[in-house]
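As they're listed, the protein sequences go chains Z and E.
Take the position in the first sequence, starting the count at 1, then add 54; the result is the number in my numbering.
Take the position in the second sequence, starting the count at 1, then add 84; the result is the number in my numbering.
The set of hints was computed from the structure by calculation and includes no laboratory data.
Each hint should be verified, as a subset may be incorrect.
Derived lysine to aspartate or glutamate pairs resembling EDC-like cross-links, with alpha carbons at most 16 Å apart [as the list claims (entries may be wrong)]:
1) Z:K271 to Z:D283
2) E:K412 to E:E209
3) Z:K140 to E:D169
4) Z:K96 to Z:E86
5) Z:K120 to E:E209
6) Z:K300 to E:D169
7) Z:K149 to Z:D166
8) Z:K238 to Z:E82
9) Z:K253 to Z:D243
10) Z:K120 to Z:D185
11) Z:K120 to E:E257
12) Z:K96 to Z:D283
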Amino acid sequence: MLRKAIALAVLGLACVAGPAAAAGGHIELRHESWSFAGPFGKFDTAQLQRGYKVYREVCAACHGMKLLSFRNLGERGGPFYDAEYKNPNDNPYVKALAADIQVGDIDSETGDAIQRAATPADRFPSPFPNDAAAAASNGGAIPPDLSVIAKARAGGPDYIYSLLTGYVQPPAGLTVTPGMNYNKYFAGDLAPYWTGDPKHVPTGGFIAMPPQLAPDKVTFDDGTKSTIDQQAKDVAAFLMWAAEPKMVERKQFGLGAMVYLLIFTVILYFSYRRVWRNVAH
Amino acid sequence: MSGPSTYEPKTGIERWLDTRLPIVRFAYDTALNFPTPKNLNYWWTFGGILALMLGIQLATGIVLAMHYVPHVDHAFASVERIMRDVNYGWLIRYMHANGASMFFLAVYIHMMRGLYYGSYKAPREVLWIIGCLIYLAMMATGFIGYVLPWGQMSFHGAVVITNLFGALPIIGEPITTWLWGGFAVDNPTLNRFFSLHYLLPFVIAGLVVLHVWALHVPGNNNPTGVNVKSAADTVPFHPYYTVKDGFAIAVFLLLYGAFVFYNPNALGHADNYIPANPLVTPAHIVPEWYFLPFYAILRAVPDKLGGVLLMFGAIATLFVLPWLDTSKVRSMRYRPTARLYFFIFVFACLVLGLCGARLPDDPVIGAASGLILLDADINSFVWLSRVATLYFFAYFWLILPVLGLTETPLPQPEGISEPVLSHPATTPAGATASPEKRG
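Model the full structure from these sequences, guided by the hints.
This is the structure:
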């Protein structure tokens, strides 16, 4: 019984681990011990609030988050959830945050295109009217939408944190293309720009986005020291929440489901032993 | 083995119904009283697990289809809307996405079980072939389903796979155009894929009915491979196998839950959370893990048409397997040589899966400088996949046919009751009867 169970488990692992192990690659990311990691992890509300501020004041200039609405900020598990306002559209803090932002609309009286203050029901407005405008303003590179970016990059929040803090001096012998920036965590092939030993091409790549974070660029309302590292960490956590707002609910639900299943499994096992006890097999 | 029915209608309404539509009798004979060999091990529980997985995929899929929008402009956002705004949408979608992986994991174990214990041999050839058809339909459904979220891997995976048909001479191009509904993978492709993704699971369900029917005519094979001789060799399916399968299902659900609740995206590719963009090709297009062995076979051949034929040949081989294996002995318990080749075969399949996940030119062993032979670097995954592909086909077309004629099998037991009991009864036989009546 046990031997068979082990055999099954090994087979399952082999099927699962093979492709997973094969997916790896280049440079080791910076690993942060996130509050939301592990089966009991939870988002740190203060961190999400700081992260939203970094997004709003820095990233939002070029990056949209099309899939998010202001109301999401006030939903259960969100950065500005208030138990007093179950309906996030009533949350005064969320309303105030939304009202700070102008969104495009159509005047229902005249049909003219207008700008008005956002409400919690509005989606985050995109910074550029279309992809062509986004590319034209950014040297041909379209800043990706950040709604699910933390799920769309291998390494997730670790990758975002690493990338934002990965702008280092390019190694001597590397010619950085004008308008581009060297980042040691960005994917790329630098061989054509490398004049050193062809067997030791530096890892990393050229990214169109210049370094955006700077000490004290964002003032944190909770008094947290505003370093590049802190800003990067906080915005990475915020983007993870944005990509997976139901993560904490999922893990909490999962705990109940797994405990239930475990008890059920034990009961079934003893039922099995009892039903079969008189049958040689 | 399915003898005369022992069902006795007890209530008036059952008697009334039994003379008009004996559906209760049918359920009783097939699901409750069905005589099942008493020596089935845990490898036999995957049939029940698969039935449950099909049910889960159907139930979650029908709910997902209520919210999903099959349009290139809305598909990606509609999937994310399910994750965010639909009540328990995250649960339903992650159950469905990981359920596909669990379904394939279970089907691969189920197939390997059949290969090891010779469950494809007479009189179960039709049962095996229907199983192969189910697997084929599952592959189509799985591939099409991965296209629906319309992420980068969805789109480019669809381009690669549909283009395979283009390798066929003359008919290739019209077939591809017909599959696409145009001249590229676009909105008509997504629409028809959604339609087919809803249709095919019901085709699978129909095939499963045939599969169970074909099972119930000769009855279950068993780990000894020896035919059931008498009623003493069997136990009624209920409660003996309902409880054993139930236990295995619960263990399987724990594994499934570990993915759904704690690692829901571990089996997918990060690129599929980037909305499809025909103008940007991902650096490394890989299918879902359960197609990786076939992907490796496809890429093992330098010629596109050759690769396509070999890949489909790998699946077609399974259909003719009952006539390739010449051995009269079913179970590999009594075929020590064949058993060795079987384990190498399992290993070769895992190696093929690994090769499918890697870039063909990557070195297999560290940074060791390539072993150059005949202008080719032997230390590369493409060469490893060639070796494994060769073994895959050799196992079916060379080893099994020849071995059956040349090997000396171990003596088989007379029947399944006497010599093979690994778990003797804990109380003397006959001390208590009908444990099902004792709760």
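So, going through the hints one by one against the coordinates:
no.	hint	in the structure
1	Z:K271 to Z:D283	12 Å, holds
2	E:K412 to E:E209	13 Å, holds
3	Z:K140 to E:D169	15 Å, holds
4	Z:K96 to Z:E86	15 Å, holds
5	Z:K120 to E:E209	54 Å, violated
6	Z:K300 to E:D169	10 Å, holds
7	Z:K149 to Z:D166	25 Å, violated
8	Z:K238 to Z:E82	10 Å, holds
9	Z:K253 to Z:D243	13 Å, holds
10	Z:K120 to Z:D185	13 Å, holds
11	Z:K120 to E:E257	38 Å, violated
12	Z:K96 to Z:D283	21 Å, violated
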